[in-house]
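Undergrad: One-letter residues, chain by chain:
There are 2 protein chains.
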Amino acid sequence: MPEGSLKLKAQIMCGGETAMGPGKADLLGAIDREGSISAAGRALGMSYRRCWQLVDTMNRCWAERVVETAIGGGRERGARLTPLGQQLLTAYRGLEATLASAAERDLGWFTTALRAESIPASGHRVLNK
Amino acid sequence: MPEGSLKLKAQIMCGGETAMGPGKADLLGAIDREGSISAAGRALGMSYRRCWQLVDTMNRCWAERVVETAIGGGRERGARLTPLGQQLLTAYRGLEATLASAAERDLGWFTTALRAESIPASGHRVLNK
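Chains as they are written, first to last, in the working numbering: chain V, 590 to 718; chain Z, 590 to 718.
If you are wondering where the hints come from, they were derived from the structure by calculation, not from laboratory data. Just so you know, these numbers come straight off a predicted model, no measurement behind them. Careful, some of the hints might be misleading.
[Said to hold, decoys possible] Here are the simulated DSSO-like cross-link-like pairs (lysine-lysine), alpha carbons at most 30 Å apart as the crow flies:
id: 1; chain 1: V; residue 1: 598; chain 2: Z; residue 2: 596
id: 2; chain 1: V; residue 1: 596; chain 2: Z; residue 2: 598
id: 3; chain 1: Z; residue 1: 598; chain 2: V; residue 2: 598
id: 4; chain 1: V; residue 1: 596; chain 2: Z; residue 2: 596
All chains should be modelled from the sequences, with the hints used to inform the complete structure.
TA: In structure tokens:
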């Protein structure tokens with residue numbers, strides 16, 4: 590099985606909303622590095638509007654804001670993770686590492702059972718017809 | 590945090606294709622119970638075509654077929670899991686259980702940090718603007 594062929598996705602749900610997941614974790618990381626929501630969006634190839642929506646969801650789901658923005662600042666004027674935001678990102682990366690490590694032990698069976706080279710898709714082949 | 594508020598998704602990739610994941614596991618389980626791809630599709634609310642595509646992907650990705658169909662049978666004439674298909678489904682459910690159990694240990698922090706009741710979305714509130 591080629592390396593990296595297990596994909597894991599963990600989402601912390603808050604009612605019907607996703608309070609934390611892979612995309613929000615990447616956004617928190619980018620805000621932490623870039624220092625503004627706009628710059629984070631550019632770094633991730635996401636619109637400002639979409640980034641703002643994700644930040645808004647997180648700020649509403651967690652006990653305190655996870656991102657704070659400069660008062661009176663424009664889009665470029667700066668945003669940073671609050672202490673809770675830092676903790677959330679660290680806890681989520683820890684959860685991802687826990688899951689990857691736990692999965693590692695079960696992967697042997699799948700590795701053995703995968704075909705060495707997959708057969709290309711055959712649009713015309715029909716089973717059970 | 591309400592029960593069931595962690596969502597985990599594990600996918601075994603085979604090149605660019607998903608060799609196994611939550612939807613394919615549900616389909617294998619339904620074929621095992623229902624005895625045909627059509628009946629499995631009806632049970633899951635999925636089209637025959639979509640079910641067939643998922644079965645075809647699995648049959649191409651794994652070392653042997655995971656679903657076999659009655660020779661000369663029509664859509665309703667029967668399909669069943671091969672021994673490898675049974676093993677694949679069991680191994681995948683085992684992986685899911687491993688992941689859920691591992692995640693359990695990390696959930697305490699998230700449980701504490703979630704807001705007891707989330708604030709409704711506010712379309713007009715704009716951060717950093």
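Undergrad: Confirm or reject each hint.
TA: Here is how each hint holds up against the structure:
no. : hint          : result
1   : 598/V x 596/Z : 8 Å, holds
2   : 596/V x 598/Z : 8 Å, holds
3   : 598/Z x 598/V : 5 Å, holds
4   : 596/V x 596/Z : 14 Å, holds
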